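Engineer: Given only the sequences and the hints, what does the whole structure look like? Please build it.
Line by line, the protein sequences are chains U and X. Using our numbering, read the first sequence as starting at 1 and increasing by one per residue. Using our numbering, read the second sequence as starting at 145 and increasing by one per residue.
Source of the hints: derived by calculation from the structure; they are not laboratory data. In this text, all values refer to a predicted model and were calculated from it rather than measured experimentally. Backbone N, C-alpha and C define an ideal beta-carbon position, used for all residues, glycine too. Heads up, some of the hints might be wrong.
Computed list of chain U residues with no C-beta within reach of chain X, every gap over 12 Å [unchecked claim]:
1) Gly9
2) Asp21
3) Pro32
4) Gly76
5) Ile96
6) Glu98
7) Arg102
8) Ala139
DSBU-like cross-link-like pairs, simulated, lysine-lysine; straight-line CA separation at most 35 Å [what the hints assert, rightly or not]:
9) Lys29/U with Lys517/X
10) Lys273/X with Lys134/U
11) Lys280/X with Lys29/U
12) Lys134/U with Lys175/X
13) Lys175/X with Lys280/X
14) Lys52/U with Lys226/X
15) Lys539/X with Lys579/X
16) Lys175/X with Lys163/X
17) Lys280/X with Lys52/U
18) Lys29/U with Lys226/X
19) Lys579/X with Lys88/U
20) Lys29/U with Lys273/X
21) Lys29/U with Lys589/X
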Amino acid sequence: MAFEPRIVGFLCNWCSYTGADLAGTSRVKYAPNVRIIRVMCSARIDPTFVLKALSEGADGVLICGCHPGDCHYVEGNYKAVRRFAALKRVLRAYGIEEERVRLEWVSASEGVRFAEIVNDMTERTRKLGPSRVKPQLMADAAAR
Amino acid sequence: MAEERIGVFVCNCGTNIAKIVDAGAVTQAVKEIPGVAVARSYKYMCSNPGQEMIAADIREFALSRVVVAACSPRMHEGTFRKAVEHGGINPYFLEMANIREQCSWVHDDPVAATEKAKALTRAAVLRVKYHEPLEKRSVPMCPATLVIGGGIAGLTAALELAEADQQVYLVERQDRLGGNVARLDLTAPYLDSARDLLRDRVVRVTRHPRIQVLLESRLVELKGFVGNFRPTVKTAAGELLHLEVGSVVVCTGYQEFDAARVRQYGYGRLPDVVTSFELEVMLRKGKVETRAGKKPRHVAIIHCVGSRSREFHPYCSRVCCMTGLKYAHEIKSAIPDAYVSDLYVDMSAFGKGCEDFYKKAAEARTLFLMYEKNHAPEIRLAGTDPEDGMLITMKERLSGEQIEIPSDLVVLMVGMEPRSDSDEMAHLVNISRDKDGWFIESHPKLDPVATTTDGVFIAGACQSPKDIPDSVAQARAAAARILAKIDQGEIAVDAVYAEVREEYCSGCRVCNELCPYTAIEYDETARRSHVISAACKACGCCVAACPSGAIKARHFTDQQIFAQIEGVL
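Structural biologist: Structural data, given as structure tokens:
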């Protein structure tokens, strides 16, 4: 069977989650590979959420927040950007492909954009192939 | 952890969910998860019998947690929290799985969609085990209201509130009240005078002891939260006025589309091409004439200027069709032997009294010529002298012919667009704008005047193009919502906020600087930080930042989110 990537999406409540809902109300079709978890703000996304998702077997993690300047909480998305940069360094250190984790801005009116991002991310992750994080962790645990 | 007893309710939403997602299969799958005491699917969970089913099952199966797999929590979380509470458990013991907006409506493949729905529902089941009982907080409601914009919507909202004996601050940028309606002559379709409609309201607002009108003033800052906003207004004298209000109504209206952007109409270049607002000025003076002072014999009215176009605004401005007919009528009464033609794309006469008005205009021998959307007519001078008039060329759709019509005066029905400062206003009061720039309401059908920021309401054309009756209705609706809250005296604010578990706090103060609402205080003696819960808006930024993991985001705890991650995978 062809490889179907499993992607966890962390979406902020005010812009991106609403944008994803709008894709639904507008009946825009997109790939079923992203499973969405709602948080109030992209600034709530602790890098450990991403690491947890990867270690539980996610092939990719998508983080979406309000566009710069549009954050419901004034500037949470700027904080998300900085955390994201730090997270990328951690991923590099662990040898995890950076492309598995992506940060995008989706406003409440961008249902179509959200669908495009999901399709694009699904395609790219499919090309990357399955993540080795979880199998590696299990192998390490078995060796111990 | 005590063994939770979880009830799972999978909604079919008629066929909205069930057409793509196999709700029965989802129900069967979740029954396997430890802790699930009962799982059912039903055609409409949000209906009365659906909600009763949840409440009855809570009692019958002694449920301690409930999962509803249905639409977006943004749609019905409130509904189901009430149902859960009705069943006798804490309303926050509910979790929803969004299997409609984010599943059945966006996927075509029933197998993949059903698998995804199972994963989302499983995640909700695993998460809900970690839910904690939360109590709603209530804060006192300040009964004063800030109304921004003194057009027809703002005037109406202000009067409605003041007549219920509540204090209103009405802030208007210009040096007079009335907004865009003050620029009109008669109104369609009943031909009432706009001046008459306004005059009485302006006088009542200006004289009302409960309304403070602040002309040439603008909002520069809005702090606080529902029931307790602290706006700062810069007044005409340049001073900063610090107010205290419980609610805000944004009634900032629209601006007209700049007709010069449609090049082939020659606005600004051809002297006798005028906008609808310029014609209103002529009508109010009772003098419809060309720049050279002549009575026009041929008048052309061009519809959809800037509206419903690929190049400019995709939306319909809603009022121009009837306003165009009103001009045909007014010009005919002013100059009985004039030939008036209406160059339109589609004639929308949807409002009360509008179809009759259209018939009347047609009977008065207005010439209706249909042009193709995105193929606007072209206007040029008929000769070298502007006084020789103009020629309009267009492809007339009904006859299919390329035609040329003479015209001494061309009226451009300019559409409505969001004010150029609407972005700034959206930021000031923390509301969102749609793709066209209009302010977004909380729900397009069921909650048309509230916004995503509690206590901030929108009314009138700042929300989307609107005529006078719709603006007035919205303004009154917003006022009614506010009066209902004032009447309660206090308002329930969400129980979701951050709290510092002080025993883990090292007093590093990283969170103090990060909080956008300065809701975290540092206790110098105890050397601990703590959250002022009433000021916290629950973004969770501090939670993710705390190096000791000492801050807990109520209802969005690490544990809850970790469980959800496990569930979706």
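Engineer: Against this structure, judge whether each hint is valid.
Structural biologist: Do the hints match the structure? See the list:
Under the 12 Å C-beta cut-off, the non-interface status given to Gly9/U relative to chain X is violated; the minimum distance is some 9 Å. For Asp21/U, the non-interface assignment is contradicted: its Cβ lies about 4 Å from the closest Cβ of chain X, within the 12 Å cut-off. A Cβ of chain X approaches the Cβ of Pro32/U within 12 Å, the least distance being about 4 Å, so the stated non-interface status is violated. Distance to chain X contradicts Gly76/U as a non-interface residue, since its nearest Cβ pair spans about 5 Å, not more than 12 Å.
No Cβ of chain X approaches the Cβ of Ile96/U within 12 Å, the least distance being about 16 Å, so the stated non-interface status holds. Against the 12 Å criterion, Glu98/U stays outside the reach of chain X, whose nearest CB is about 20 Å from its own CB. Every C-beta of chain X lies more than 12 Å from that of Arg102/U, the closest at about 17 Å, which supports listing it as non-interface. At roughly 18 Å from the closest C-beta of chain X, the C-beta of Ala139/U stays outside 12 Å, upholding its exclusion from the interface.
Simply put, Lys29/U and Lys517/X have alpha-carbon atoms about 28 Å apart, close enough for the 35 Å limit, and the pair holds. Proximity of Lys273/X to Lys134/U is assessed by CA-CA distance (about 25 Å); at most 35 Å being required, the pair is judged to hold. Taken as a hint, the Lys280/X and Lys29/U pair is broken in the structure, with Cα atoms around 38 Å apart against an allowance of 35 Å. As the CA atoms of Lys134/U and Lys175/X are separated by approximately 27 Å, the hinted pair is consistent with the 35 Å bound.
Distance check on the hinted pair: Lys175/X and Lys280/X sit about 32 Å apart at the alpha-carbon level, within 35 Å; holds. Distance restraint check for Lys52/U and Lys226/X: the Cα-Cα separation of roughly 33 Å lies within the 35 Å cut-off, and the hinted pair is therefore satisfied. Proximity of Lys539/X to Lys579/X is assessed by CA-CA distance (about 32 Å); at most 35 Å being required, the pair is judged to hold. For the hint pairing Lys175/X with Lys163/X, the CA-to-CA distance comes to about 22 Å; that is within 35 Å, so the pair holds.
At most 35 Å may separate the alpha-carbon atoms for a hinted pair to count; Lys280/X and Lys52/U meet this at roughly 31 Å. For the hint pairing Lys29/U with Lys226/X, the CA-to-CA distance comes to about 32 Å; that is within 35 Å, so the pair holds. With a C-alpha separation of about 32 Å, the suggested pairing of Lys579/X with Lys88/U holds against the 35 Å cut-off. Pair hint Lys29/U plus Lys273/X holds up; C-alpha atoms about 32 Å apart against a cutoff of 35 Å.
A distance of roughly 23 Å separates the Cα atoms of Lys29/U and Lys589/X; the hinted pair therefore holds under the 35 Å criterion.
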